[in-house]
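J.: Here's the letter readout for the chains.
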Amino acid sequence: MLRLVVRRLLQLIPTLLGLSVLLFLWLNKLPGGPAAALLGERATEADKARIERALGLDQPVWVQYGRFLKRLGELDLGTSTQTGQPVWEEFARRFPATVELGIFAMLIAVAVGIPLGYFAAKRRGSWLDVSAVSGSLLGICIPVFFLAFILRAVFAVNLGWFPSYGRQSTGLNATEVTGFYVLDGILTGEFDAAWDALTHLVLPALALASIPLAIIVRMTRASVLEVLGEDYVRTAESKGLQQHVIRGRHVLRNALLPVVTAVGLLTGSLLSGAVLTESVFAFGGIGSFLRTAIDGRDYPVLVGFILFIALTYVILNLLVDLAYNLIDPRVRVH
Amino acid sequence: MRIRKSRAARAVVVTLAMGLAVTSCASDRDEGGKGEAGDTFIFGAAGDPGSLDPALASDGETFRVTRQAFEALIEHEPGGSQLVGGLAESWEGSEDGTEWTFKLRDGVKFHDGEKLTAEAVCKNYDHWFNWSGTYQNSAVSYYWQTIMGGFKKNEDKETPEANYVSCTAEDELTPVIKVKEATANLPGGFSLQALAIHSPKAIDAYEKEEAKGEGDAITYPKYSQEAGTVAGTGPFKISKWNKGNKEVTLERFDDYWGKKAGVEKLVFRTLDTEEGRRQALQAGDIHGYDLVAPADVKTLEKDGFQVPTRDVFNIFYLGFNQENNKLLKKKEVREAIAHAIDRDNIVETQLPEGGVKASQFMPDTVAGYSGDVKVYEQDVEKSKELLADAGAKNPTLDFCYPTEVTRPYMPAPADMFELMKTDLEKAGIKVKPRAMKWNPDYLDSTQNGKCSLYLMGWTGDFNDGYNFIGTWFGGYDKQWGFKNDKVFDAMKAASSEPDAEKRTELYKKANEVIMDFLPGLPISSSPPSIAFAKDVNPPKVSPLTQENFAEVSFK
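In the order they appear, the protein sequences are chains E and C. Per our numbering, residue -3 is the first one in the first sequence, and the count goes up by one each step. Per our numbering, residue 12 is the first one in the second sequence, and the count goes up by one each step.
Please note: incorrect hints may appear among the correct ones.
As the list claims (entries may be wrong) - Taking lysine-lysine pairs in the PhoX-like style, the calculated list, with each CA pair at most 25 Å apart, reads:
1) C:K385 with C:K503
2) E:K25 with C:K443
3) E:K25 with C:K385
4) C:K461 with E:K25
5) C:K341 with C:K395
Calculated from the structure, these hints are not laboratory results.
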């Protein structure tokens, strides 16, 4: 087990290096640059030249890359050209928001998706099955940002049930401990603040959950259907085992393997979905920060973010493999 | 068949019910975004501020926040663009325009308890003049460099030479600021938020950080990123900047020398999209927002929101680049374009009420506006004749326009482009459209002269002609790609004239010379709208977008 973890982490190094080279080349080809973005309408030629020199953008790409690697070696991602603050700090400040949103969205997707997929399969062809399948198709088809707009227009503006933006009501000034506002509210006993943060999470999390939820429903359904047809389930049934034992130990446990993989990968993809959702709800996480970074050609933030996503993917994959071990002892990973 | 139908119907019901079941778990939300304090005014800003020290900024979103906490020596009249007393009750320039004497208001206190004195003012100016390292980068000290030139010790040969000489305290309340040469940027420049006065005690605290300025990247100093250190004299003090939640909170300053603010707390919350700001106002989560889309004005008003209109203080123009396309070097071609465009139609169909057609590169509210410039009315036949004379029948021109942006002077760029394209084609000019994302693609392309025709504009900082035409026609600029000594000399003569009246006359002449040469076609000036909730008394709106939120109160 330990060897697996170490080997996977070592594999990260060439992956991240390769990715960073590609990124540098790509960024270099993008039109415009941080200088133009920083100065806006008022930029003069000389102003821009000076900023480029200050940011080291007048130097060849390989020199810039070398400097980047050197900094990375010192665990320094550089300074955001937009905010003038260290990229690490900017990430650390926004990370909890995105994680909180991601966890909440994934909770909705798993808590609703797995039972729904399971019962849809058990009652194949029933109205529940038809609605689960057609509903999930809808979930996959509707673009996340569009759904976010609709949710905001209906539930925040027209009905007024939820706040239309942000993570916390203005002027609440709740105590911050971990940066996860719901958790902070519970930890400090400020339950108002926890509730407030929760109401702020609902709409963006629903929007963000739409695609993973749909995929999980479909995968669980397909997987359960397959397992239901297996001999060992029939054997268990003929042995007269109790339904809940068959359901839990024989069907779900086996059916969940591919779903766990999907959940792992979907969690990684939530980060990219967050870019749009967070922007619509002005949520203040890494996602909306990335959008402004793209607009502002904030190279250090872009490079840092994409490397970060890669890292997240690798780690999630690792966790998925470890979860496999736990769920199904037959799959021993060495 | 019947069974299937009922299954489908049930399926729809279940899908909807599922949606409701999930959403209703938190339905009894507490009232709005107003928080516990009923006396909190929340304003939806379009972008985060860059720093809490206005001296390091050059953008409107930063100044909107800092303006409530920092005051300059001179201010603009509420709701207008004329200069009036600010921290200085009065001011006087020497005849040659190099010495400026201010009479400070007595009894003004900074947020940290310090007293406003002539020495405090000089401490500010000397602090800026002595900036080094990162602070000398024009992205950080744009306005200081524009108004006062460079620094005591320029570290880069491209930094302009310093025009600032000294600031001395003649007595406790009389600072005297000296510059080398007269400039059109004074006294208007003294009104800039970037040159607003900070508490001397706070400056001492900032200066300890100054050593950090490195050449490798533009890193804003820590003090400018956290509330607590900065201190001005304004009606509000900045108490918190929650970057994660994208909001800056200001609190009423009870020792303010003037009329106290009408609300206890003022919050600027960033909502990047226009749609997001509008919906937040409609949902009751904010009490006002800026950069209202002209198309939304009527709807908002119908719903009972207040949408006051500012006076015009901007200019929108169609730029020509004479280097990018040699045809544009020919004056006949430029004139042909001017005669092809129906500007009345653009103003009528694209601008909110109050929009006006432009005849020159400044609105008529700016000193130096001339009534005698050459006008180019729409005349398609004349346009065709001019093209024939120039030997440029049916020319093709690439035309850049920005997407995903609204500017105060340009509410709907794509629609405006379409109208102009149709007009140009009527006159036989073929147009190759080039749509680009505003920032940075479009800005980069237009500023580097990569577009033959392009749409651009400007909102003034203060009421002096140079703040408009000087920004473009003072000398060669890649954006325009021309060299014309007649234009440059006219600008130079005006910019170095210390006498304000004479300068105004020189600007008028310059406008005439420019419009005769026709480097581009001024299209319109547009009044930018700002929206407020029903239950607030809004501040007087300012053509310079310098609203004073201390004037806000709840009904």
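J.: Evaluate each hint against the coordinates.
T.: Checked hints:
| no. | hint | result |
| --- | --- | --- |
| 1 | C:K385 with C:K503 | holds (21 Å) |
| 2 | E:K25 with C:K443 | holds (24 Å) |
| 3 | E:K25 with C:K385 | violated (44 Å) |
| 4 | C:K461 with E:K25 | holds (17 Å) |
| 5 | C:K341 with C:K395 | holds (14 Å) |
Checked against the numbered hints above, the structure violates only hint 3.
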